[in-house]
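Visitor: Line order of the protein sequences matches chains E and A.
Heads up: the first sequence at position 38 corresponds to 38 in this note's numbering, and the numbers run straight through without jumps.
Counting the second sequence from 1 gives a position; this note's numbering is that position plus 1000.
In short, the hints are calculated from the structure, not lab data.
The C-beta atom is built at its ideal place from N, Cα and C for all residues, glycine as well.
Fair warning: there could be bad hints in the mix.
Taking lysine-lysine and the DSSO-like style, the derived pairs with C-alpha atoms no more than 30 Å apart in a straight line are [unchecked claim]: (1) A:K1088 - A:K1161; (2) A:K1052 - A:K1126; (3) A:K1166 - A:K1151; (4) A:K1126 - E:K185; (5) A:K1151 - A:K1126; (6) A:K1161 - A:K1151; (7) E:K185 - A:K1166; (8) A:K1126 - E:K417; (9) E:K348 - E:K286.
Derived CB-CB ranges, DEER-like [unchecked claim]: (10) A:K1166 - E:T205: 52 to 60 Å; (11) E:I303 - A:L1114: 48 to 56 Å; (12) A:V1169 - E:K185: 33 to 41 Å.
Covered stretches of chain A (in silico footprint by chain E; criterion: 3 or more residues with CB under 8 Å from a CB of chain E, positions within the stretch not fixed) [as the list claims (entries may be wrong)]: (13) 1042–1053; (14) 1089–1096.
Next come the chains, spelled out residue by residue.
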Amino acid sequence: MEQTLTYQSIDDTVLDTLLPPRRSYWVVVSLLFAGVLMGGACWMVQILVGIGVGGQNNPVHWGTYLINFVFWVGIAHSGTLISAILHLFRAGWRNPIARAAETMTVFAVCTAGLYPFIHLGRVWMVYYMLPVPNQRTLWPNFQSPLMFDVVAISTYLTVSSLFWYTGMLPDLAIIRDHATGVRRKIFSVLSLGWTGEFEIWRHYTRGYLFFAALATPLVISVHSVVSWDFALSVVPGWHTTIFAPYFVAGAIHSGLAMVVTLMIPLRVIFRYENIITDRVLESVAKTIIFTGLIVGFAYGTEIFIAWYSHNPIEMESFRWRAFGDYSLEYWIMVSCNVLIPLLLFFKKIRTNIRVLFIISLLVNVGMWYERFVIIIGSVAHDFLPHAWGLYSPSWVEFGIMIGSFCLFFFLFVLFVKHMPSVSMTEMKETLHEGDSHAG
Amino acid sequence: MPADTVSIMGIFASENGAAVAIDGLHETPWTIERVHSPIPSHAIEQALELPKSRVGWFTLAGGIIGFFAGFLLAAFTATRWSLIVSGKPVVALVPFFIVGFEFTILFAVFGNILGLISQARLPRFKAVAGYDERFSGDRFGVLARCTSDEKERLTRFFEEKGAETKVVVQTDS
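Same shape as in the complex, but just chain A (with noise of 0.2 Å):
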């Protein structure tokens, strides 16, 4: 972060407050560093024109790899004594499907917690600079950066949206 830029923490109090500014941050030089929010809003995620997560594609791998992982576990224990019974193959694909379907479900779960971690970066452990408690019960955050001459401008920008300000010292880590 550039030594003469400066963060403010607006706080809003209704979700249409934080995603009117978020639009209207977009039409300013200014960048938008985080939003805070105790729920996932469609309006903020509108504003914030987010592309779509990934995490889909890790559920679908998943779910690929737990379908073979459980039929070929089914087919390579039915292997290990190739019994036939009542002449009935050995490898048998009815029941083995109902294996690779079970398979299927647990693994595309274990995918999707594998995405959702490493996606949204959890666990973060670390204090978050510019958090407040009331983000996770009735408040909402947004973060954005600015130059240290224009720290007056933004601040008004924010609190003619309806928000409470403060400034926030980050730290590079």
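Next up, chain E with everything else stripped away, as it sits in the complex (with noise of 0.2 Å):
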């Protein structure tokens, strides 16, 4: 990689992806908004007919709409690894996919932040969740893990979006200084009159440090918090401690396939292939066997713990999860998760970029099938046989679920059309330094 590429090639290549897009790209574009709207539409329903319409009742009251919040919210997680743990250990492979990573964080922040407006149902009292005075001093109750949600997740939409921004800054410069005409004084602005003076790198690469130092604690706790909803409770299956953990690394685990997932289509629409090598995607393909590896251990560890405890409700539950109604969809997620990912130790597997596609999109899968185990399975299933109950989602559910994946991928397609989709300046940065790199 470091052979072939210049400063110039690097620049021409992630401009060459802001030309004029082909029609095939707003047939996309069109067939993911149409998904947006049939989505908007089915919460539209839902707000005109009640929440009743979805499927959650009695005992599993949070159906679909937690399960992909947690979900998104685990997608986002591993852009804020990429860019900004992976930034402070100086890893270079993390360079190329950074900016895309960074993008499909705010991105799925953003569809995450959707579900719990989805699931108030009277969507028009979200105020109530927000520490502002009203007429009746009704002030939220900073003891409930789920008003430390709504703390952490707009703490870390705002950070992450931050930093997404403070990052394009030098990219932002470059387009400008490459366009013409609106375009330009657009792009002029955006990049906040960048010269690269070095009098501006230098409060720049600190302020970016400390982005990464800040943020690395803050994808932790928003993901512990996350997993604290239902932790703090005393369902068995969730009242444990390694919640904390075990959502971090699963949401890592399913962001990093997430990664995979979008670059691997990138690379080839866009020719990205002396970019995103065949070594970045190997070394993701190494971290989400080591992800794989973490979260196979806190599912042996949960039932360890279940069986160890002697606590019969415990035990039974965990006996239910494998055994039980939702067998199928606990088996899908221990081979998605666990066992599928080991396959990536063979490197032929983890090289061939097909199979490396195939595997990320059944981890995705199996992720969202853990948030599914975990969710529906502790209260469909918890202390009295006589509360025991099941729980499928109804078509608006699933309506507002297809929708919101199209409102995910509708953004990313958006953006990696009209901004940069690479970090051309963190790209030359991994080039030697000192050479020449003019073209």
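Now that you have both chains on their own, put them together as the hints suggest.
Guide: Take a look at the structure:
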């Protein structure tokens, strides 16, 4: 990679992706937008008719809305992992994929953030979650993990958006310098008049380092907070201290898989083979093995602790997960998240782009089912047999879920064609320091 | 800027070339005015002998303010109810620490952004004299000032270091 790339070729490759798109691009955008509208229409139905049109009921009062909320928050986390934690560790292989991963973070948090609104039912009451004075002096209860969620997710969205935008400033200046007309004016404003003066770089690099240093504990705290929505209850299968690290590891696992799912088509469509190299994808694949093993360890630990506790309700809860009504979902989860990623131990498999893509899709499926098993499985089969019950999503929930996936991909597809999907500046930094890179 | 001085921009194809020129300029009476770079270069940073950025102080201040803001917000809202549940304290330290932590990060980031834009003096929408569009791409620029009678010597100095040169007309504003 280092031999073939120059500063000029990096700029040319990325700037080429911003050229006017073909008709097929707009067809994809239109289809995704139609999906978003369909999801919006389903939400409208729920607002007009009432929250009862969803499949949630006693005892399963949290259905796909919470499954998808946790799923998308998890997807978001890997973006921060790649951009912030690997930046601190100076891992060069993160540079080609960092921008797309950060973008994934921002759009995934936006998508996740919709679900609490959807699940509220009476969404116009949303201000009750915010610490704003009202005439009845009703304030949020900050002892509730649900309120921790509001604080954590809104902090995460704000921080990851600022981190993403700040990281783009030098690249926006590159686009400005190659643009004309109105586009040049837009990018002049967006780049804040960036000139690459060393006085700016001096503060920028310091500020960016602090961003990374702050985002790292944030990413761990946010998914820990999400896990406490469950862990701070007394429900068997939820009330466990392993939940915070287990959720963080799962988030990174799903996020890495989504990075691969997004990067492989991006690489093919934008001819990024010289930038997103086989070595970069292989490094992500190796990290997926690592996170898959952690997730597998967490699954095992849960079962061990249930057995070791001698708590019959806890033991029954985990027996039922593996062999009860949702056993298919449980074994999909175990297979896709733990067993299938083990195939990546074989170099031939992890360097085969098609197989890697399929494995990444399966991990995404597995991680969705992990959230299903946790959220549905525990409350469907808790303390008393007379309170047991099953759950299946209604068509409204399916519509909203498909709409949310369309929203994520819609935003991502729009972004990659109108903004730099690879950080040109960070790619240049990976080339050998000091050499001449003039084209 | 004195009227009898002139600014020359040396445009380099490599960061090492720019760094060597900056080192050389330290041993001359000429003044380095600005350096442009497409990347944050360690070689240039060392050559310029720049002091550490003060952005971190803004970040720290933001973080401290954030922690107390979060903790006090949670405590204040709890005291509006003063509802004792299961004998637990109204102002609960452990859960409020979580709110304090999230606010610490949020406000530290706000402080960081404030520090960055104030220290780097962004945004800058006025045209910068001598800015070459290649500086965002693959070229490094070193702008140095000398007296009018030394213009040729400074130009030759840059050219000997492998630079392309141009005279920059500075407008005082």
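Visitor: It remains to establish, for every hint, whether it holds in the given structure.
Guide: Results of checking the hints against the structure:
no., hint, verdict
1, A:K1088 - A:K1161, "73 Å, violated"
2, A:K1052 - A:K1126, "26 Å, holds"
3, A:K1166 - A:K1151, "11 Å, holds"
4, A:K1126 - E:K185, "13 Å, holds"
5, A:K1151 - A:K1126, "27 Å, holds"
6, A:K1161 - A:K1151, "16 Å, holds"
7, E:K185 - A:K1166, "26 Å, holds"
8, A:K1126 - E:K417, "29 Å, holds"
9, E:K348 - E:K286, "13 Å, holds"
10, A:K1166 - E:T205: 52 to 60 Å, "28 Å, violated"
11, E:I303 - A:L1114: 48 to 56 Å, "49 Å, holds"
12, A:V1169 - E:K185: 33 to 41 Å, "24 Å, violated"
13, 1042–1053, "holds (count 8)"
14, 1089–1096, "holds (count 3)"
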